[in-house]
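Following the hints, position chain B against chain A.
Protein chains in written order, with my numbering: chain A, 1 to 310; chain B, 1 to 310.
Worth flagging that the hints you see were computed from the coordinates, not collected in a lab.
Incorrect hints may have been included.
The list treats identical chains as one, so a pair stands whether inside a single copy or across any two.
Taking lysine-lysine pairs in the BS3-like style, the calculated list, with each CA pair at most 27 Å apart, reads [as the list claims (entries may be wrong)]:
#	residue 1	residue 2
1	K26	K157
2	K255	K307
3	K202	K93
4	K310	K132
5	K265	K250
6	K250	K44
7	K116	K255
8	K157	K116
9	K44	K3
10	K116	K268
11	K307	K116
12	K304	K3
13	K310	K265
14	K202	K44
There are 2 protein chains.
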Amino acid sequence: MEKIAIALHGGAGTIAPHLLTPALEKAYLAGLEAALDAGYQVLKQNGSATEAVAMAVVTLEDNPLFNAGKGAVFNHIGGHEMDAAIMQGIDLKAGAACGVPSIKNPVLLAKAIMEKSEHVMMASQGALEFAKQNGIAIEDDAYFYTEQRYQQWQDIKGSDSFQLDHTEQKGEKKFGTVGAVALDYHGNLAAATSTGGMTNKKYGRIGDSPVIGAGTYANNATCAISCTGHGELFLRSVVAYDISCLMAYKNMTLKAACDLVVYDKLVKIGGEGGLVALDHLGNIEMPFNSEGMYRAKISLDGVKEVKIYK
Amino acid sequence: MEKIAIALHGGAGTIAPHLLTPALEKAYLAGLEAALDAGYQVLKQNGSATEAVAMAVVTLEDNPLFNAGKGAVFNHIGGHEMDAAIMQGIDLKAGAACGVPSIKNPVLLAKAIMEKSEHVMMASQGALEFAKQNGIAIEDDAYFYTEQRYQQWQDIKGSDSFQLDHTEQKGEKKFGTVGAVALDYHGNLAAATSTGGMTNKKYGRIGDSPVIGAGTYANNATCAISCTGHGELFLRSVVAYDISCLMAYKNMTLKAACDLVVYDKLVKIGGEGGLVALDHLGNIEMPFNSEGMYRAKISLDGVKEVKIYK
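Bound conformation, chain A alone (with noise of 0.2 Å):
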């Protein structure tokens, strides 16, 4: 038995197998299991378990498929608003960042704010500001087009509608979120979350993704966790921080306590999405109440698993 875990998860939603091709659904399962053998050499090379979340999140926001940094979907003026978070359970301290453009890694300048600043949390073209200022990666607007998100902008561009990911037929509803949790070999916990958020989106819109407590959450107490879902929900539900508080102070179980969330509590508000959860024995949880979530893990015993749909 390893003394490391690891899980992650792509984003939740409608995704059924007669909605995906075989080559696409190949690719998804392609670009999850990469990202988890990323995050997985950080830990099995004694890495930490910020570092392990940071590079699977780094390997899921390169690559287009998912809904967070190259394939950021697009906003209502045709731009890119990312936002990201990371948060480690030695220390309780975190990064975030919300709707701010141009960045290749939008978790990599989570992680930034988190180890370089005084602050937890930036918005905006002042996120952007210190990103400059701190050498991460900026790339121009090229690089985040993508020509399947393009054409999911250019369907509902002009309406007042939005979407949370992209809708490929009608009564489709997909969240598009990338994140992973870790446990290294000292015991340590992290959690990362990063999204481009809704497709047409306006008002600079933030969701859950980089909301320490609802959407990402670290403590080794207890547990970390990544959330995918409706975004407005799940901020008003505090949804990671439920989970921590329900083993904390009613004792549940990981798995008792990702049930009552995912399951009873969320489904009772229509809160339609999932999370990937990692306790500090190594038990991992990836509930989901739509119907798909692109999700992998690899346990204590070493075993890798990568799956879609229920």
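Showing chain B alone in chain A's frame:
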């Protein structure tokens, strides 16, 4: 006995009798009492807790003594970036604006986001655009100019330092925030918080005030909370929701939960500040671990209390 109650704060920090002139002390007390009375009148006239906290916070925002709205501090380029949030306990609906310039009453923008949008949180220029489209009052730079705040900025402008609010002498810390909690005749709770943040702040820094679960939270099943303190530490501690969870999951009283969080958990990590809290039974707590906190309340018995020092 009435079944209504309200409490509010105007910031915490190094606030001691020898640091305030009698005239200034009187002005602070009058400002707190005016906001308290304005909010209480809403409750007396059978208004909602949501309307009451909005009214109390608007009154504090309009008072240049407090770091919110008209009295908001200057950021590092001489502008004003304000944060506000509101949440109602009946349905856990919430609205928040962060890093937004030019808004006369940021709490009313947060309320409009809650009531008129599908979102919870909006940032910066996007939030301003939403405000303009929804008839929220905008003011020019002259409105936000106050001699006191300008001098505070001049004192540290050009340096890399920032200040939590205003520092009259070295070693002083003030956490300039305003906030209110209320319980209405229908048994509904609400909380609201508003701030101009830190003098000379850079990088679009956001504190705990607009973060649901950290600086602001309300749930009819437990309590309503508005915080003021060192935002980064309050954010990482998810302070407001922590108190709610201690009540919900550990069956703590409001007082026990507040005491644990403010006098133990926050103190251990150096999290200076305080909060106002009101539970569904009408109990009020106003704990702070700093030297003073501008605060006021009207309890279920109708007794009014307006205080600054311990």
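How the hints compare with the structure:
Taking CA atoms no more than 27 Å apart as the test, K26 paired with K157 passes in neither setting, with 30 Å inside one copy and 55 Å between copies. Within a single copy, K255 and K307 get their C-alpha atoms as close as 19 Å, which meets the 27 Å cut-off; across copies the closest is 46 Å, which misses it. Taking CA atoms no more than 27 Å apart as the test, K202 paired with K93 passes between copies only; the shortest distance there is 20 Å, against 30 Å inside one copy. In this homomeric assembly, K310 and K132 never come within 27 Å of each other (Cα to Cα): the closest approach is 42 Å inside a single copy and 44 Å across copies.
Taking the shortest Cα distances, K265 and K250 sit within 27 Å of each other both inside one copy (16 Å) and across copies (18 Å). Proximity of K250 and K44 under a CA criterion of 27 Å is satisfied in neither setting, with 33 Å inside one chain copy and 38 Å between copies. For the identical chains of this complex, K116 and K255 are neighbours neither inside a copy (35 Å) nor across copies (37 Å), given an alpha-carbon limit of 27 Å. Proximity of K157 to K116 under the C-alpha cut-off of 27 Å is restricted to the inter-copy arrangement: shortest distance 21 Å between copies versus 38 Å within a copy.
For the homomeric pair K44 and K3, the shortest alpha-carbon distance inside one copy (10 Å) is at most 27 Å, but the shortest distance between copies (60 Å) is not. When the C-alpha separation of K116 and K268 is checked against a cutoff of 27 Å, the pair qualifies only between copies, where the shortest distance is 22 Å, while the shortest distance within a copy is 40 Å. When the C-alpha separation of K307 and K116 is checked against a cutoff of 27 Å, the pair qualifies neither within a copy, at 36 Å, nor between copies, at 38 Å. When the C-alpha separation of K304 and K3 is checked against a cutoff of 27 Å, the pair qualifies only within one copy, where the shortest distance is 15 Å, while the shortest distance between copies is 57 Å.
In this homomeric assembly, K310 and K265 come within 27 Å of each other (Cα to Cα) only inside a single copy, at 20 Å, whereas the closest approach across copies is 40 Å. In this homomeric assembly, K202 and K44 never come within 27 Å of each other (Cα to Cα): the closest approach is 42 Å inside a single copy and 38 Å across copies.
Hints 1, 4, 6, 7, 11, 14 from the earlier list are contradicted by this structure; the remaining hints agree with it.
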